[in-house]
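Peer 1: Taking the hints into account, I'd like the entire structure generated from these sequences.
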Amino acid sequence: MDLSAINPVLLIASLMVASTPILLAAIGELVVEKAGVLNLGVEGMMITGAICGFIAAHHSQSVTLGYIGAAAGGAALALVFALLTQFLLSNQVATGLALTLFGLGFASLAGQGYNGIKAPTSYRLDIPVISDLPVIGPILFSHDIMVYVSLLLCLGVWIFLNRTRAGLILRAVGENHDAAHALGYKVVLVRCLAILFGGACAGLGGAYLSLVRVPQWTDGLTAGAGWIALAIVVFASWRPDRLLIGAYLFGGITVLQINLQLARVPVPVSLLAMAPYIVTILALVLISRGRRSSASPAMIGRPFHATQ
Amino acid sequence: MIRLEKRPTHSHVWTWATPLIAVLATMIAGGLMFMLLGKDPFATLRTIFWDPLFGQHASYYRGQLLIKAGPLILIAVGLSFGFRAGIWNIGAEGQYIVGAICGAAVALAFYPAAGWYIFPLMVIAGALGGMAWGLIPGILRVRYGASETLVSLMLVYVAERLVAQMALGAMRNPEGMGMPGSRVISRYPAAANTEIFAGTGMHWGVVAALIAVIVAYVALSRHMFGFNIRLAGQSPRAAAFSGVQPGKLILICTGLSGALAGLAGMFEVAGPAGRISIDFGVGYGFTAIIVAFLGRLHPVGILLAGLLLALTYIGGESAQTAIGLPAAAIQMFQGMLLFFLLAFDVLTNYRLRLARPKAKEVA
Chain A
1 MDLSAINPVL LIASLMVAST PILLAAIGEL VVEKAGVLNL GVEGMMITGA ICGFIAAHHS
61 QSVTLGYIGA AAGGAALALV FALLTQFLLS NQVATGLALT LFGLGFASLA GQGYNGIKAP
121 TSYRLDIPVI SDLPVIGPIL FSHDIMVYVS LLLCLGVWIF LNRTRAGLIL RAVGENHDAA
181 HALGYKVVLV RCLAILFGGA CAGLGGAYLS LVRVPQWTDG LTAGAGWIAL AIVVFASWRP
241 DRLLIGAYLF GGITVLQINL QLARVPVPVS LLAMAPYIVT ILALVLISRG RRSSASPAMI
301 GRPFHATQ
Chain B
1 MIRLEKRPTH SHVWTWATPL IAVLATMIAG GLMFMLLGKD PFATLRTIFW DPLFGQHASY
61 YRGQLLIKAG PLILIAVGLS FGFRAGIWNI GAEGQYIVGA ICGAAVALAF YPAAGWYIFP
121 LMVIAGALGG MAWGLIPGIL RVRYGASETL VSLMLVYVAE RLVAQMALGA MRNPEGMGMP
181 GSRVISRYPA AANTEIFAGT GMHWGVVAAL IAVIVAYVAL SRHMFGFNIR LAGQSPRAAA
241 FSGVQPGKLI LICTGLSGAL AGLAGMFEVA GPAGRISIDF GVGYGFTAII VAFLGRLHPV
301 GILLAGLLLA LTYIGGESAQ TAIGLPAAAI QMFQGMLLFF LLAFDVLTNY RLRLARPKAK
361 EVA
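Just so you know, the protein sequences line up as chains A and B, in that order.
Numbering of the first sequence is given in UniProt numbering, commencing with residue 1 and proceeding in unit increments.
Numbering of the second sequence is given in UniProt numbering, commencing with residue 1 and proceeding in unit increments.
Since the hints were derived computationally from the structure, they do not count as laboratory data.
Note that this is a predicted model, so its numbers are computed, not measured.
Beta carbons: idealized from backbone N, C-alpha and C, even for Gly.
One thing to keep in mind: the hints can contain errors.
Here are some chain A residues pointing at chain B (derived, C-beta under 8 Å) [unchecked claim]:
hint : residue
1    : 94
2    : 267
3    : 305
Rough simulated footprint, nothing fancy, chain A against chain B, three-plus residues with beta-carbon under 8 Å [to be verified]:
hint : region
4    : 133-145
5    : 159-165
Under the rule of at most 20 Å between Cα atoms (straight-line distance), these lysine to any residue pairs were calculated in the SDA-like manner [to be verified]:
hint : chain 1 : residue 1 : chain 2 : residue 2
6    : B       : 6         : A       : 60
7    : B       : 39        : A       : 110
8    : B       : 39        : A       : 112
9    : B       : 6         : A       : 303
10   : A       : 186       : A       : 61
11   : B       : 248       : A       : 112
12   : A       : 118       : A       : 186
13   : B       : 6         : A       : 161
14   : B       : 6         : A       : 178
15   : B       : 39        : B       : 322
16   : A       : 186       : A       : 153
Peer 2: Next comes the structure, spelled out in structure tokens:
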């Protein structure tokens, strides 16, 4: 065991990398849930994004095209969810599960022949002088662009939900779809757009895994990250600012767990690998305690049909 | 312009017709998918759905069918109770794994003793282990309001790490020359879950699945318990007035589905799978969700749906060897089946009306 091998600066820097995929997926799901829709298919959309992004990036050797492909792939799968739940009024829980089962199969099928290939190198922010600053440099200024995109996205969603009229409409649809409908807002349209945005974000999160975090394609690469993103939305009580904290806390646990493995702490590797999931359960319990999810959008999971 | 019009009650015809339509639609879409993969769609569909039942080697495949269908049916029957009541425990895969670990633990603890009591003890341990794993999300839901869906799923990933740890550590075969994996339980006579009639695939897990179907049928259609479950799912308020305690119901449903999934895992580890290995979980817990929905959460429907999904596994495997169909194609096929089922389900609750937008509504 050698705990001195753990460098706190690198730990924090890698924490941001570990948190980014979950942050991306969770911020998308937050918007979806704010619109009153529960899409449990995040894991499926994430892994679809991971393989679509990887294939696009591999063939074009362009990471940017990879992310675009990933967002498109995630949104395409989300479109199926939107059609089923918004137009065919299917059960959202079951449809989300179907999305995950289908997405896992699709990714595994599409990913055949890509196993073990390295992803093209991501563009890193590298500002001379600033990136070389002792502690701040590696923590704040030496990541690839997506880390900053995810932070901006988080800020953007906060501004959208709290400071814009469109955000107000989206929240109204999520809190009371009948009233929103009576006021003339297009409930189904708002929800479809939110679902597509959520799918695109989940796709980006998946691509971050396959292009930066891992960075190659392996089957079952997301390993529950999508479900953790769902849990973090609950943990954050549907607030973008808390979502950021939640994702970074979670990323911290993941990175710490890996560092402890590398430092040869005398605890079996598989038990350390359980830590993120157990911490997620504990976080869910702590946050749900007593509050009875009063913070959740009121219409979450309820189908809307105009003639009812 | 097609409009949906809410039906006053569920359409019984469509409730049972939609699974059939969904299967047909999946076959068509699946055929297109196989074509995109460069396979002859008709030959592929025949290899998957016809040959295992009526082809040359059907007698072998029919046994395999029961072996695969057993765990799916057992798990899906358990899930159907919760789903009917609106309790979304979807972590059956984890409960299945933990049941297998507990069952194997008993077998390995007694090794190499011989005794009639070992196998029954394993059955009890498997059921209790699965039940305990299933009760964790149930208890956390009842006591703290934590989402049983997310907790039960997190526990799947925990269980996967746990079984890997067991295969590498505590349960590793001391005579296995350091290779991961436990002793082969299916070759330990006192603990093996053997075929009851040789060559039929009929092992104790299949028997348990059939018993579960019958018991569930009686409980759901002839017993107050089943009525309460349906009531809780359809109208929680009405259920509360009729004296149903939601907390108790959640614990019963999660415990019950956990126990059945645990049993499935235990029968699997002592029989077809044979031993605890790193990748013991193969997704039965997730496929059983499709089985439960395709079977309309009805025991008899689940029996049929379990056989059908087992057929996709068996046929899929033979299509892998015969025509090189990728294994993942079958997983995608199963996902598609659930999509189509959910899509066509709209017909059970709504009528399609071809209509122009009515002018009268504009007040």
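Peer 1: Does residue 322 (chain B) lie within 20 Å of residue 39 (chain B) when you go C-alpha to C-alpha?
Peer 2: Satisfied, since the Cα-Cα distance of roughly 11 Å is no more than 20 Å.
Peer 1: Hey, residue 6 (chain B) versus residue 161 (chain A), does the alpha-carbon distance stay inside 20 Å?
Peer 2: violated (33 Å)
Peer 1: So, residue 267 (chain A) near chain B? Judge it on the closest CB pair being under 8 Å.
Peer 2: Nearest chain B Cβ about 10 Å off; hint violated.
Peer 1: Starting from residue 6 (chain B), check that the Cα of residue 60 (chain A) is at most 20 Å away, please.
Peer 2: Violated: residue 6 (chain B) and residue 60 (chain A) sit about 49 Å apart, past 20 Å.
Peer 1: Can you confirm whether the C-alpha distance between residue 39 (chain B) and residue 110 (chain A) stays at or below 20 Å?
Peer 2: Holds, at about 15 Å.
Peer 1: Going by Cβ atoms only, is residue 94 (chain A) closer than 8 Å to chain B?
Peer 2: holds (6 Å)
Peer 1: Minimum Cβ distance from residue 305 (chain A) to chain B below 8 Å?
Peer 2: holds (7 Å)
Peer 1: For residue 186 (chain A) and residue 153 (chain A), compute the direct alpha-carbon distance and say whether it is at most 20 Å.
Peer 2: Distance ~25 Å between residue 186 (chain A) and residue 153 (chain A) Cα, so the pair is violated.
Peer 1: Are the Cα atoms of residue 6 (chain B) and residue 303 (chain A) separated by 20 Å or less?
Peer 2: Measuring from Cα to Cα gives roughly 13 Å; hence the hint holds.
Peer 1: Decide if the proposed pair is consistent with the structure: residue 6 (chain B) and residue 178 (chain A), CA atoms, cutoff 20 Å inclusive.
Peer 2: Holds, because 16 Å separates the two Cα atoms, which is no more than 20 Å.
Peer 1: Residue 186 (chain A) and residue 61 (chain A): Cα distance at most 20 Å?
Peer 2: violated (41 Å)
Peer 1: Below or equal to 20 Å on CA atoms is what counts here, so check residue 39 (chain B) against residue 112 (chain A).
Peer 2: holds (16 Å)
Checked against the numbered hints listed earlier, the structure breaks hints 2, 6, 10, 11, 12, 13 and 16; every other hint is satisfied.
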